[in-house]
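Protein chains in written order, with my numbering: chain L, 1 to 250; chain V, 1001 to 1255.
Hints in this document: simulated from the structure, not taken from any laboratory.
Given the structure is predicted, the values throughout are model-derived calculations rather than measurements.
Check the hints yourself; a few may be wrong.
Going by beta-carbon spacing under 10 Å, a handful of chain L positions derived as facing chain V [what the hints assert, rightly or not]:
(1) 83
(2) 140
(3) 144
(4) 159
Ideal Cβ placement from N, Cα and C applies to all residues, glycine included.
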Amino acid sequence: MSILEIEDLSFTYGSLRNKAGNHVLSNLNLHMEDGESVGLIGENGAGKSTLLKLLTGLLDMQEGKVLVSEFEMKKENLNKIRTVIGYVFQDSDSQLFMSTVYEDVAFAPRNYGKSEEEIYEAAMSALKKVHMEDKKDRQIYRLSGGEKKLAAIATVLSVGVKLMLLDEPSVALDPKNRRNLIRILNELPGAKLIASHDLDFVYDTCERVVLLSDGKITADGEAKKILTDKELLEQHGLELPLSFSRKISF
Amino acid sequence: MNRISDAIVDLHKMDMEAGKCGWLQGIHPLPKLFVTLIFILLTVSFGKYDLPGVLKMGIYLIILFVLGDISVKLLLKRMKAVLLLVCLVGIANPFFDREVMFRLGTVTVTGGMVSAVTLMFKGIFAVSASYLLMVTTSMEDICYALRKMHMPKMFVTVLMLVYRYMILFLKEIQRMTDAYTLRAPGQKGVHYKVWGTMVGQLLLRSMDRAQNVYDSMTLRGYNGEFHLRCKKRAGGSDYLYVFVWSMVLVCVRMI
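Using the sequences and the hints given, assemble the complete structure.
What follows is the structure in structure tokens.
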């Protein structure tokens, strides 16, 4: 079953509009199945973050069509769409603004008018998925970078989203926390669209990779196939993942 | 550590103290807020020369600071700027009100002096009572209690957001001053020539940060109102707290 359908999506920022060749995204088409993990790669300014913001309705649609689950991306559908799609910010501090972990994870179910029992259940279930249930009463500022990232993921999971968008999830994580995040993301059942420059991380978490360049999809296919294509990656300002480059050099 | 990081740590510590398992922390936020408001209202209701009356109200603070194991030293450290300000409020009174009230040996005490000290104590007591509420009650619980007391939704939302954004704002200032200090060794503070740029940058960066937080909130269903709920349920001890303190404070005011 399809969870995301993007057809001919184009986007330009403010004053750049109408100028030829300044599209951040240009006639982009993408299809994602339920439960699928897709890595979104591309050099800086390729349009990855813009695409994620469009998919969550943080930026207004200009051209094209986006279907999230069965809902078309329109202002009147935003509330429904945001129960299906969740966005994990690159900077966890932007995502965590309540005093304790539990309060932050319970924020979304509370806004959707759930009862206190349902909120507790949703929050605890989300915290269990990221193995943070024992830290529910902890003050946000006392969490490490890795824990903050997991708590940020839990804030999204507590709504029961089917598609999670993650913007540079491995940034500023130490190797142990990075490995832990990979393990947890692989355990999560829903679909994931992971925008990252960390190609090793993408390889470890995604079965499919989409390469974005100049607002267009230039490659879409099996992760291993794209991430081992040195020529393709270098053409678009990227490099082979470390794990592959080591194998090649040895 | 500089003063900004001290302020951030203090704010976090206050949050943490409010989450402790003490008996004062265990009381429902509504009775605590109610008693605090009664205390402040009764304290400021004393006449401008009624210094003994105002001082008697201090019993509330003494009892709660002792029973709640709240450090007065920390109060003075954290609230020193506000306390200094309230101490200065009545500083001009002795110049305008020169009517002699009594003599202490050779010292003539005027009405202005008494009213200045009375005003000072009223301010100190009000700030201390608010501090007491803040270190024993989380901001979410205070806002919950305010809503229960029919405080306008807009006011409570703004209070909640200001408290949260304040920490982000302070962190942004800290980042910028750290970056500046590292490239300006031996300089005391920020040179006045870069104040304009720094303030402009701070504004832009804070707006960017605030936008991210707001986006994160709207993505999680926020529509202009914090749906505050309190984990505690008001029980017998909470009603007793309100009753006893209301009686004590009214009696002290009447005597």
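Next item on the list: Check each numbered hint from earlier against the structure, then list the numbers of those it violates in ascending order.
Entry: Result: hint 3 breaks, nothing else.
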